Amino acid sequence: MAKAAQASSSAVQRVSLLRVLGPAHVWALGVGIVLVGEYTGWNFAADKGGTLAALIICWVIGLLYTSVAMIDSEVTSTVAAAGGQYAQAKHIVGPLMAFNVALYLVFAYTMLEVSNAILIADTIKAYAGEGFTDWHYRGVIATVIVVLAALNYRGVLMTLNVNFVITAIAYLAIIVLFFSVQPWSQGAVLKLGEMVTPENALPYGWIGVIAAFHWGIWYYLGIEGTTQAAEEVRSPARSLPYGTMAGMITLLIGASLTWYICASLMPWQYLGFTYYPLLDAGKLTGSAALETMMFVATILAALASANGCINDAARAWFSLGRDRYLPQWFSAVHPRYRTPYRSILFLLPIALAFAFIANLGQAITFSILSGILQYTFMSINIIKFRQKWPLGTIRRGYTHPFHPLPAIVLFILCVVTYFAIFLGYGAQLTAMVVFYIVMSLWFHFYRYRYVRRGDQFTMPWPKPNGY
Amino acid sequence: MAKYTPPEQSKAMQWVDIIFVVAAIFFALWFPLWMGWAGVSRAIEKIDNPTWEALGQTPAQVEQWVKLGFADAAAAHDIIQNKFDYHIDWMQLIILAIVIIGYFVFLFQASDKEYREVIDEKFNGK
Chain D
1 MAKAAQASSS
11 AVQRVSLLRV
21 LGPAHVWALG
31 VGIVLVGEYT
41 GWNFAADKGG
51 TLAALIICWV
61 IGLLYTSVAM
71 IDSEVTSTVA
81 AAGGQYAQAK
91 HIVGPLMAFN
101 VALYLVFAYT
111 MLEVSNAILI
121 ADTIKAYAGE
131 GFTDWHYRGV
141 IATVIVVLAA
151 LNYRGVLMTL
161 NVNFVITAIA
171 YLAIIVLFFS
181 VQPWSQGAVL
191 KLGEMVTPEN
201 ALPYGWIGVI
211 AAFHWGIWYY
221 LGIEGTTQAA
231 EEVRSPARSL
241 PYGTMAGMIT
251 LLIGASLTWY
261 ICASLMPWQY
271 LGFTYYPLLD
281 AGKLTGSAAL
291 ETMMFVATIL
301 AALASANGCI
311 NDAARAWFSL
321 GRDRYLPQWF
331 SAVHPRYRTP
341 YRSILFLLPI
351 ALAFAFIANL
361 GQAITFSILS
371 GILQYTFMSI
381 NIIKFRQKWP
391 LGTIRRGYTH
401 PFHPLPAIVL
411 FILCVVTYFA
421 IFLGYGAQLT
431 AMVVFYIVMS
441 LWFHFYRYRY
451 VRRGDQFTMP
461 WPKPNGY
Chain X
1 MAKYTPPEQS
11 KAMQWVDIIF
21 VVAAIFFALW
31 FPLWMGWAGV
41 SRAIEKIDNP
51 TWEALGQTPA
61 QVEQWVKLGF
71 ADAAAAHDII
81 QNKFDYHIDW
91 MQLIILAIVI
101 IGYFVFLFQA
111 SDKEYREVID
121 EKFNGK
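Residue numbers (this note's numbering), protein chains in the order written: chain D, 1 to 467; chain X, 1 to 126.
Calculated from the structure, these hints are not laboratory results.
Incorrect hints may appear among the rest.
Coverage of chain X stretches by chain D, computed from C-beta distances (three or more under 8 Å per stretch; other residues unrestricted) [claimed, not checked]:
id : stretch
1  : 6-17
2  : 65-71
3  : 88-94
4  : 100-112
Note that the structure is predicted; figures quoted are calculated from it, not measured.
All C-beta atoms in this analysis are idealised placements derived from N, C-alpha and C, irrespective of residue type, glycine included.
Produce the complete structure using the sequences and hints provided.
As structure tokens, this is what we get:
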């Protein structure tokens with residue numbers, strides 16, 4: 001009986017993920033995860049440094065993420081495996097780095113999922129009135145997380161088709177709002193000159209601009225998630241760079257429009273305080289139709305993001321189990337739906353627990369902390385990648401230009417962002433890094449004994465330089 | 001290099017590892033919340049009997065506050081006067097820098113040691 005069960009389990013683990021995704025799905029996965037950042041979170045940058053600081057970091061952090069997207073596109077179009085940056089770290093830096101990167105991904109995406117569920121509950125609560133009790137609030141959070149986990153359990157194609165549709169609607173809502181407020185005619189609806197004045201543009205001076213980097217990450221956090229589906233994309237060398245770069249352009253435009261609308265409609269103190277700036281912008285136009293549209297779009301953006309986050313976090317966790325970095329039990333693929341169902345189910349209660357004990361700002365900060373650790377790794381990873389396999393030694397689906405400039409820019413901006421997070425969340429950042437140190441010691445001195453050494457390198461590449 | 005054959009892990013030990021990981025995750029996320037470490041560097045600079053002028057709001061800004069449901073200056077007072085204090089605790093900053101740099105140095109060095117084993121086995125030491 002035990003043997004039969006073991007054989008059955010092995011058979012289940014041999015089932016592979018389905019290659020069914022195209023560039024549009026890659027775009028939907030990346031933008032779907034990130035777009036909620038325009039609906040909430042970025043505006044806390046205004047709280048830390050003023051409205052002008054929020055604009056400055058919108059573009060500077062845009063530069064950080066353009067570097068991330070360029071670097072990521074090159075490495076991922078070459079290392080097309082589930083787990084994205086995890087698979088990259090495994091082939092380029094080593095198992096311990098890969099283990100850490102997978103934990104960054106799981107933390108970043110699970111906490112982002114938590115943030116989305118909280119945002120949906122807060123948005124509904126704002127409109128539901130007195131009858132909306134704490135139990136209703138928790139019920140909304142639980143429903144969002146459980147239903148989306150069920151959708152992910154059911155299949156990746158359906159999950160990302162849903163994401164494509166709701167992401168497109170949420171993005172279109174920003175465009176419609178932008179043209180509805182007559183951006184060509186300041187004073188009609190928008191009052192940028194009266195909301196942002198020389199006296200209040202940078203209320204804390206340049207230290208406020210630095211501090212705003214913390215929340216500026218939220219404009220784009222998660223675009224690198226496009227690589228998580230690498231093993232399920234039909235043509236990764238083409239689809240991943242195309243989908244990622246198209247996603248980045250989409251987001252840069254969306255972020256700039258969002259800032260312009262919100263900065264022109266509300267005082268900076270309120271902008272830095274609200275949980276749903278675009279919804280408030282809809283309200284301030286005085287149009288009930290626009291307000292309703294932004295209410296629906298806020299919910300859809302949060303749903304799309306949470307949906308993509310469950311997809312990505314589960315694949316990173318699945319990869320850890322498959323490579324024995326964690327117990328192999330996690331590496332099972334559903335025999336019918338071909339999804340990493342045990343990983344999806346395992347992460348579900350963790351997301352639920354933190355959705356109930358953290359608030360929106362705290363959950364976002366947890367996510368940002370893991371994200372910035374990951375970007376630091378990426379800046380060093382690309383340097384090592386080019387050193388170990390110089391151009392021409394292996395086939396690359398895409399080669400990013402100006403190397404090593406994007407890597408240097410990315411590294412410098414990461415250092416600035418660590419300092420920004422320190423201004424307000426220093427102890428939290430230290431505690432989180434201590435956690436990663438403890439997990440690294442556990443892996444290096446204990447768990448690594450269960451890892452098959454040679455199996456960690458699966459790409460058909462020549463031996464790396466220097467080894 | 002001889003091929004490394006890892007030991008088989010028992011079901012019970014797999015569960016021990018899972019429990020350890022879950023406990024570590026919860027501790028890392030919950031402990032800072034429990035300690036109240038998140039976003040503490042701000043305070044409300046109180047103004048008695050506030051007016052919109054005292055809060056530094058122009059007529060156009062007041063109009064927007066009212067549309068957002070803040071009937072008077074007192075209602076918006078705590079939001080407007082909740083200010084960050086950006087003084088730098090240098091000792092805490094140095095500790096943070098040491099922790100982050102130490103973490104990445106250990107990470108890359110230990111990873112490189114493991115990576116050499118991987119490459120040796122994959123390419124049979126050639």
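Do the hints match the structure? See the list:
Residues of the stretch 6-17 of chain X with a Cβ under 8 Å from some Cβ of chain D number 6, which satisfies the need for three, so the listed coverage holds. Counting residues of the stretch 65-71 of chain X whose C-beta lies closer than 8 Å to any C-beta of chain D gives 3; at least three are required, and the coverage claim holds. Remark: the stretch 88-94 of chain X is confirmed as covered by chain D, as 4 of its residues place a Cβ nearer than 8 Å to a Cβ of that chain, reaching the required three. For the stretch 100-112 of chain X, the proposed coverage by chain D is satisfied: 10 residues have a C-beta within less than 8 Å of a C-beta in that chain, meeting the threshold of three.
The structure is consistent with each of the numbered hints, conforming to all of them.
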